[in-house]
Every structure is written in C-alpha cells, then in structure tokens.
Amino acid sequence: MKSIKYILAGILFGIVMIKSEAVSWFRIYEMFRFQSFQMYGIIGTAVVLGAISVFLIKRMNWKDASHLPIVFKDKERPYTKYLIGGTIFGLGWALTGACPGPMFVNLGYGYLTMAVVIIGALLGTFLYGLIKDKLPH
Amino acid sequence: MIDFIRQPWPWYFSGFMIVLIMLMLIFWGKSFGFSSNLRTICSMAGAGKKVKFFDFNWKAQQWNLLFLLGSIIGGWISAQFLSNPNELQLSANTVADLKDLGIHFNGALNPDELFSFAALSNPKTWLLLLTGGILVGFGSRYAGGCTSGHAISGLSNLQLPSLIAVVGFFIGGLLMTWLILPFIL
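Protein chains in written order, with our numbering: chain A, 1 to 137; chain B, 1 to 185.
Here chain A stands alone, though its shape is the one from the complex:
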C-alpha cells in the first residue's frame, strides 16, 4: 500500500527523536542555557548535510520517485511573520520542551500528559487562523 511508507518514515522519525533526546524537556532547557553542545550538534549536522543534499539535488537535477523535478519553493516577503511567529513559538518551545513533532513522539513514548500540550497547540493553531488578518505579516 502506498501510504505505508509515510507511516514507516514517521516511525523512524519517532525513534530518532527519542534516541537523539531531542524530545527531552531537560535537553531543550540545557540547550537554551548553552550548557551542552548536543542539540546544536544535531541541528548543525542536519543543516550542513541538508544544505549539501539540496545543493546536489538542484545542481544534478535529480528527479523524485515519480520522475518529476524536485522543486524547492522560496519563502515570501515580508519577513515580519517569521520573526514574530518564531519568537512566540520559541516561548512555547522552551516552556513545554516540545515542538510539534516531539509532542506526538512523547505521547507515543508514554507521556500521556503531552495530550494537554497538543490540545493547546491545536487551540493555538485555531486562534491564529481566527485572528490572522489582524496580525502584521
């Protein structure tokens, strides 16, 4: 079945998130206190390898599984939304120790209380949709 592959990729993602400890509230606190290199090492490695990969894909014109060209979209101006939205996100990330992916991975791991955070995240998403036209972007 075609859909299985996305579930498998998600399972791999869940495992990586746990084994890298990127889902850990303690690790995120430690990161924002600059008391360990670990989280920076993970993100840094991913960005370096990711940038090389994207560069190669573009340069070599590689196609995807359906033989279609792989297109990377540029993000639009203005940039206000990235800064303000990012800051709000960061506040929540440090408070809960979890960004969206880790919320669900933690839930699966057994932290059922993460369901409260997830409900909050859905509420926050809905709230944004509700008032977005009144916000600077």
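In case anyone wonders, no lab produced these hints; they're calculated from the structure.
Worth double-checking, as some hints may not be accurate.
Stated by the list, open to error - List time: in silico DSBU-like cross-link candidates among lysine-lysine, alpha-carbon distance up to 30 Å:
id, chain 1, residue 1, chain 2, residue 2
1, B, Lys-49, A, Lys-73
2, A, Lys-73, A, Lys-132
3, B, Lys-49, A, Lys-75
4, B, Lys-52, A, Lys-132
5, A, Lys-75, B, Lys-30
6, B, Lys-59, A, Lys-73
Bear in mind the structure is a predicted one, so any value in this text is a computation, not a measurement.
Assemble the complex: chain A is given as a structure, and chain B must be docked to it using the hints.
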C-alpha cells in the same frame, strides 16, 4: 546490537538520520514540515466551516498525518524496545540550575513536575502546559513552520526567512528560559 541501539545516539548520527528522513520525503514528492499537521487536524475537525484559513483540501495532506501517526508509533516502539537503560546524561550545571527552579532531574526525558499524572492534580500544571502548547501552535502557524520546516528544511534550502524564524525561536526560547521560567515554575 540492540544494546548499542539502546544507548543514546551521538549528535552526528542523529543529525544524519534527520536529513535522511527529510530526503526520503523529498524523494516521495513531499517535504519535511511537521507543524502543518496541526492545521490539517483543525480542518478535519471542521474548523474550515467557521474560519477561512482552515477551508482547504486537507485530504492532500493525508501523507503528513500518516507521518504523524508513525511518529507516535515510533515513540511507543522506542519505549518498549529501545529505551536507554541508563540515566540521561544531563550537564551537572543544568541539574543544579533546575534545582533553583524547583525542578528535580529524574534521569528521564521529561520532568515529573510538569508531566507526571500527579502534576495534573495542580491546576497550574494545566495552565503551563496549555499555554505552552498554544504558544507553539500559534507561533508555528504564524511563522509558517517549526523546527523541521524552518531550522532543517528551510535552512537546508538556504532560505533567509527560515534563518529569521530560527532567530525568533531563539529569542523566544531564551526569554522564556532565562527570564520567565524562574517566575512561573
């Protein structure tokens, strides 16, 4: 072999695996960005009837919901078969700092003071967890992405907007960690 996998993974291997996952999704004609699932779930719940932002063809996003389902399963598999038999190696300075906040490092991934069932009997825990979640949900939609979409995918594509978003993540994170947590925890 399993023992080796049960150890926490070195940062360079974790980073490599994350890129692998991103490349798998790209190869399948998709992209690595988890927070859009929050918007999709709102749409599935019918938010599109009230709010235009959620009125879109969410069925095209099913693949990402499957990824989300997989991530929950992955968490479960890790707990059952791959969990670290030893304590998480948190920096000693962090352990000490946490004491000042009233948080006891329990050697696990998350603190009991916020995430145990016992903590839920305190209304303040609900307030903190819900508020934190709201900030993440609101902020990621406003910024159009979270760590996967911006810090990993966006930066890999050398997008300046993603760098700005990541700077925002850090401004918010540092504000919360250094200035706000001491007062609210």
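Okay, the hints, checked on the actual structure:
no.: 1; hint: B:Lys-49 to A:Lys-73; verdict: holds, 29 Å
no.: 2; hint: A:Lys-73 to A:Lys-132; verdict: holds, 23 Å
no.: 3; hint: B:Lys-49 to A:Lys-75; verdict: holds, 28 Å
no.: 4; hint: B:Lys-52 to A:Lys-132; verdict: holds, 10 Å
no.: 5; hint: A:Lys-75 to B:Lys-30; verdict: holds, 16 Å
no.: 6; hint: B:Lys-59 to A:Lys-73; verdict: holds, 21 Å
When held up to the earlier numbered hints, the structure conflicts with none and fits them all.
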